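Number of protein chains: 2
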Amino acid sequence: MSEQVVIGIDIGGQTTKCGVVDARGDVLSQTVVRSDSHTDVKPYIDELAVALKKLIADADAEGSVRGIGVGAPNANYYTGEIENAVNLTWGVQGHIPFAKMLSEAMDGLPVALTNDANAAAMGEMTYGAAKGMKNFIMITLGTGVGSGIVIDGKMVYGHDGFAGELGHTCMVRHNGRQCNCGKTGCLEAYCSAIGVARTAREWLDMSDEPSELRSLDKISSKDVFDAAKNGDKLALKIFDYTGTLLGQAFADFIQFSSPEAIVLFGGLARAKEFLTDPIQKAMNANVLPLWKNKVRLVYSQLKESDAAILGASALAWEL
Amino acid sequence: MSEQVVIGIDIGGQTTKCGVVDARGDVLSQTVVRSDSHTDVKPYIDELAVALKKLIADADAEGSVRGIGVGAPNANYYTGEIENAVNLTWGVQGHIPFAKMLSEAMDGLPVALTNDANAAAMGEMTYGAAKGMKNFIMITLGTGVGSGIVIDGKMVYGHDGFAGELGHTCMVRHNGRQCNCGKTGCLEAYCSAIGVARTAREWLDMSDEPSELRSLDKISSKDVFDAAKNGDKLALKIFDYTGTLLGQAFADFIQFSSPEAIVLFGGLARAKEFLTDPIQKAMNANVLPLWKNKVRLVYSQLKESDAAILGASALAWEL
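Protein chains in written order, with the working numbering: chain A, 1 to 319; chain B, 1 to 319.
Calculated from the structure, these hints are not laboratory results.
Since the structure is predicted, the reported quantities are computational estimates derived from the model, not experimental observations.
Incorrect hints may have been included.
A pair holds if it fits inside one copy or across any two, identical chains being indistinguishable in the list.
Unchecked claim - With a straight-line cut-off of 30 Å between C-alpha atoms, the simulated BS3-like cross-links for lysine-lysine are:
hint, residue 1, residue 2
1, K53, K272
2, K42, K281
3, K218, K53
4, K100, K54
5, K100, K292
Sequences and hints are given; from them, build the entire structure.
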């Protein structure tokens, strides 16, 4: 095989997904290793390297691998380190020189590292909905709210490598919800999957409005989505509220970097039939006139099962 | 004269300030022409060109001028046009190809154009407090609140050339003050010179608290500053409130682009003895832990009388 390929690795708390990816964004081979079998990083990397070498052989790509891109929590693009990653069994304390260690275990292949939301933005720009765009903001609506910002064709890393924490901008200044980050009123506390479920529980408590959600013991954002599809009025109002907050937040992001588009990705973005209208309405109501109806709202075009690998792999083309 | 120089031009509603500037940021010669003598742009540019040629001769700089930088309202860096500038007698309607017209009138010297806040940021990066910084946000606290954002050593213009309208991000979501832009609750409606005077009038009406401001017919931000220097408690509280809102806004800006510093400039920034503490306190209370006490707050180091010319001139070094 002579065509150049890259490797994408997405490190989550439980599993690490790896794939060999070609320039069209096709995943030629993929595998999964556990992330949480070790409390020390060295044996984890050794295990990962064995899996990667087999993966390269499976894809018949020996000698054609241009580099390795890694998406991981608390990853610093500038230093190649994973810093105090509380969700990784081997990452809890201190700064791990992950890029350097993995490169050594892979016979010197170059390795680049960034966080998951930045990787998602790179993936969308390289293979997906943001192909050809030079200025856009990626928002990932999952358990949390993540973001990756692209300006003039380049990922924004900022002074220290950690730019783009838009999930923690303030949406509710007074008496806002407690966020996992320690602050209150963050966008993430309202517009993540967890935030939507929380809105449902709060609103059910606060009113007697009938809703099919009342019959459930536990409520997830998926339940709210299903109820909305059944026409449940309270569920529809919850998405209207969530979309409105997102649109208000996006308006301020637009006033920062004037992007061509906001790109949405993640589990909650599947509810686009209920989110698009309130987002666009609030976005247009809160931007300066010059941006009204100018900034596009688009949804990820990457297959969800491949997106994490594709995002991480996109980093490696720049190596 | 063989040393290279540039020309900086700052176009305001009434006057246009022009200067010849060397690489150290010394203004070698300067002059002022009226901006509002004409309703058509052509005779204005002809007059400006005559003044510039004399200025170049005065500085003994014929043949050494590298280019011309212009700071103007509603200026688009990408197109070189001034778009619908309601504050300019000759700029009200449509798109004026200003850079092209001025270049032609100046025998082909290259001309670049941007808005005043971006020019201020360029000036600070080239000659002032942000020298050597690659990631910072400039906030101009004048009649309005303007901003210029630098990421990775480059001015952020965004998709359309108009990025960096941070004065119009929303600080008060419900029942916010009416802003000149047509929206409500904008940072500018609270933290500009006009906003500070407005806070004073509102608070005087709302309470019986004694204050030397009560004796004044009209109140300007300068009056509030003078009262604060006299120890007037209400005036001190007004600056505390203004600084707190600024710090809250800056926290969200930091979460966007992770700058090394926020740089403040403009008339209101002279009140730094009353603004610095509340700004820093609110900034640190509203950023993620990783940025606490990390982002510097600095004040412009450019001489106020030269700053507008210097800012515009900085653009020209890139030509």
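Notebook entry, point to check: For K42 vs K281, is the C-alpha pair at or below 30 Å within one copy, between two copies, both, or neither?
Noted result: Cα proximity of K42 and K281: none, with 50 Å in one copy and 41 Å across.
Notebook entry, point to check: When no copy is specified for K53 and K272, does a C-alpha distance of 30 Å or less occur within a copy, between copies, both, or neither?
Noted result: neither (39 Å within a copy, 59 Å between copies)
Checklist line | Homomeric proximity label, K100 with K54: Cα distance no greater than 30 Å | finding: within (21 Å within a copy, 60 Å between copies)
Notebook entry, point to check: Between copies, within a copy, both or neither: which fits K100 and K292 at Cα up to 30 Å?
Noted result: between (46 Å within a copy, 28 Å between copies)
Item checked: Within, between, both or neither, where K218 and K53 count as close if Cα-Cα is 30 Å or less -> neither (43 Å within a copy, 76 Å between copies)
Violated hints, listed in ascending order, are 1, 2, 3; each of the other numbered hints is respected by the structure.
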